[in-house]
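Q: Listed below are the residues making up each chain.
2 protein chains.
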Amino acid sequence: MKVEGNHFRSIWFDEESKAVNIIDQRVLPHEFKIISLDTLKDFEIAIKHMAVRGAPLIGATAAFGMACQMRRDPSDECINISWERLHRTRPTAINLKWALDRCRTELLKTQEKTRAEISMELAKKIANEDVEINRNIGIHGLNIIQEIARRKSSSEPVRLLTHCNAGWLATVDWGTATSPMFQAHENGVPIHVWVDETRPRNQGALTSWELQNYGISHNYITDNAGGHLMQHGLVDMIIVGTDRTTSCGDVCNKIGTYLKALAAKDNGVPFYVALPSPTIDWTVRNGVEEIPIEERVETEVSWIHGLDKSGRVTKVKVTPDGSLGFNPAFDVTPAKLVTGLITERGVCDASESGLRALFPDLEKVSL
Amino acid sequence: MKVEGNHFRSIWFDEESKAVNIIDQRVLPHEFKIISLDTLKDFEIAIKHMAVRGAPLIGATAAFGMACQMRRDPSDECINISWERLHRTRPTAINLKWALDRCRTELLKTQEKTRAEISMELAKKIANEDVEINRNIGIHGLNIIQEIARRKSSSEPVRLLTHCNAGWLATVDWGTATSPMFQAHENGVPIHVWVDETRPRNQGALTSWELQNYGISHNYITDNAGGHLMQHGLVDMIIVGTDRTTSCGDVCNKIGTYLKALAAKDNGVPFYVALPSPTIDWTVRNGVEEIPIEERVETEVSWIHGLDKSGRVTKVKVTPDGSLGFNPAFDVTPAKLVTGLITERGVCDASESGLRALFPDLEKVSL
Chain A
518 MKVEGNHFRS IWFDEESKAV NIIDQRVLPH EFKIISLDTL KDFEIAIKHM AVRGAPLIGA
578 TAAFGMACQM RRDPSDECIN ISWERLHRTR PTAINLKWAL DRCRTELLKT QEKTRAEISM
638 ELAKKIANED VEINRNIGIH GLNIIQEIAR RKSSSEPVRL LTHCNAGWLA TVDWGTATSP
698 MFQAHENGVP IHVWVDETRP RNQGALTSWE LQNYGISHNY ITDNAGGHLM QHGLVDMIIV
758 GTDRTTSCGD VCNKIGTYLK ALAAKDNGVP FYVALPSPTI DWTVRNGVEE IPIEERVETE
818 VSWIHGLDKS GRVTKVKVTP DGSLGFNPAF DVTPAKLVTG LITERGVCDA SESGLRALFP
878 DLEKVSL
Chain B
518 MKVEGNHFRS IWFDEESKAV NIIDQRVLPH EFKIISLDTL KDFEIAIKHM AVRGAPLIGA
578 TAAFGMACQM RRDPSDECIN ISWERLHRTR PTAINLKWAL DRCRTELLKT QEKTRAEISM
638 ELAKKIANED VEINRNIGIH GLNIIQEIAR RKSSSEPVRL LTHCNAGWLA TVDWGTATSP
698 MFQAHENGVP IHVWVDETRP RNQGALTSWE LQNYGISHNY ITDNAGGHLM QHGLVDMIIV
758 GTDRTTSCGD VCNKIGTYLK ALAAKDNGVP FYVALPSPTI DWTVRNGVEE IPIEERVETE
818 VSWIHGLDKS GRVTKVKVTP DGSLGFNPAF DVTPAKLVTG LITERGVCDA SESGLRALFP
878 DLEKVSL
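Heads up: the protein sequence lines correspond to chains A and B, in order. Using the working numbering, the first residue of the first sequence is number 518, and each one after it goes up by one. Using the working numbering, the first residue of the second sequence is number 518, and each one after it goes up by one.
The shape of chain A in the complex, shown without the other chains (with noise of 0.2 angstroms):
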């Protein structure tokens, strides 16, 4: 998407510099830094510290990471050592294990002189496919937008809320919840997005800056907010991403998503989440008793980053001395709080049978 009118991709693989860039999200919105990663190393940092974030653009990185090491090593052992050390950087988005699943496999079975380059090519498969797939979601749920702003007055904008970032910077391009909000800006629907702060990493300022960007209407609310705006009925869409989506419909997402779905059911706001197929864990039923939900450091919570009064990128200690924060970074929103699933397919009803109908290919593959 575009930032301050050019055009970026999340990550993107240099072909004069033979580097893979990406934009590091630690800074933004403050800053726009873009660096490249080359060793295994970079690419287990770049995940793990959240300079690249989002379950589809970690799937991503992690294929640049596999072929960025089939340069040096194309052996059998170093995929085997990579899909390891790659895929223990974070435990809760699936996507990063689809990446590296769909990577092995396919590397496994060529030679190990053409390894560098049918990995380059593979990444950048993947990479293509997220942005295609994002597109298509996009196109999906700006038929849900649209039928909500008929049933409006023309000049009342579909106030739409969302929680974490879900946008561009999460995927390679498009994003998944703002995809939608992506095509009704450009097809002239009406928006206004309530968005999430997102405790404790404050990624809604990364979807603030996104918006920005093209000029959509929207507010930076605290993660605390939106239940009240439920109650005085200023939401009439709620649109997030997922980390991890069980077979029958349970959605693993941002921790506090749960909390937005809950007001959601209790005021009769529809509730939905916007996927790709690789965030569908097929092997999963259960998505509170089954997914590992990551804990990150507590430093998280009690250290806030900004930019202070002269404009530089800091942080500032919110807690008492002595007081620990505890940092769960996903929870689990059961399927019975979930209106749909929007997917590139369609949207489908977020169960067993809704997913198994649109994706009767994957399910048979996965299992």
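No wet-lab data here; the hints were simulated from the structure. Just so you know, not all the hints are guaranteed correct.
Using 25 angstroms as the maximum straight-line C-alpha spacing, the simulated DSS-like pairs for lysine-lysine come out as follows [claimed, not checked]: (1) B/K826 with A/K550; (2) B/K519 with B/K641; (3) B/K782 with A/K782; (4) B/K641 with A/K826; (5) A/K853 with B/K782; (6) B/K519 with A/K834; (7) B/K641 with A/K834; (8) A/K550 with B/K834; (9) A/K565 with A/K550; (10) B/K826 with A/K565; (11) A/K832 with B/K832.
Computed list of chain A residues with no C-beta within reach of chain B, every gap over 10 angstroms [as the list claims (entries may be wrong)]: (12) G522; (13) D531; (14) K550; (15) C595; (16) K832.
The beta carbon of each residue, even a glycine, is placed where N, CA and C say it ideally should be.
Given the coordinates of chain A, work out where chain B should sit on it, guided by the hints.
A: Coordinates of chain B only, in the frame set by chain A:
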């Protein structure tokens, strides 16, 4: 309560200097600073800018504000102007109106020359009553905690979750939601407190600071985390305060309380509200429809206060340029989500009949 071993109230009249002192809560927990209030403007600013905050403390502060004015001008006109100016500082907490009404009613019955003395005695009485009310809330709340403790294995703490600061800093002493915690601690019942950060103003840091001063086990968590903890059986009971409770038991409290109540309901976690009777608004039935919700400046959302690396209190901006925050300060938790109300007279259902049974005298006085 105690600060590093020394006893403090959150507001007190210094007999020597004849000044009203408060603890400046804008810089807590990073700095412990006492300031004196004298003019009506001092009191207005202290309440409006939240140097003092919390429904019971706001009420007591307004009473002291009226008393200080009576020293300067004990006229009926001054009583009415002071009532108006103090009343408009914050719209949601009903204790403010309750205390001001009580002062005005008493003072208008007396001769001008006696008003300075009477009003100061009344302010002290309101403050002392608040302390006694909260101590009793603690005793009734302790019963519930002890009951939960009896059902657990002996080594396991009762895990409480609270939102915002309904601690001694929000009252004159003891706190409302924290009073049962302090009582449990004093009575040797092991507890662990999950402290909601409570964006935008992070009053969770105040609650953490209070607990830290007593060595009570706790973790500071983001407002997003509570639902996940409840899904995994890590919360035994929620206790929050309230800024206004309707005659039917709807509870208006800090923004985000409603979301925790929904999660409590969904997970079978008891959700209690601790309240002194002056927080009941007998004239209001439906909280969502009738209680005015304060909307505060957007900079409270976009800028966050804390300590920088060199230990200075400063603030950082978390939003990108051009993205504005939206900042409703309270929400309403419908009575149906509330397990019980813990008052100074005991615990009752969050319902008209529950409140009527405990407070037949008050209801008649107020209607």
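Q: What hints, given by number in increasing order, does this structure fail?
A: 4, 7 and 16
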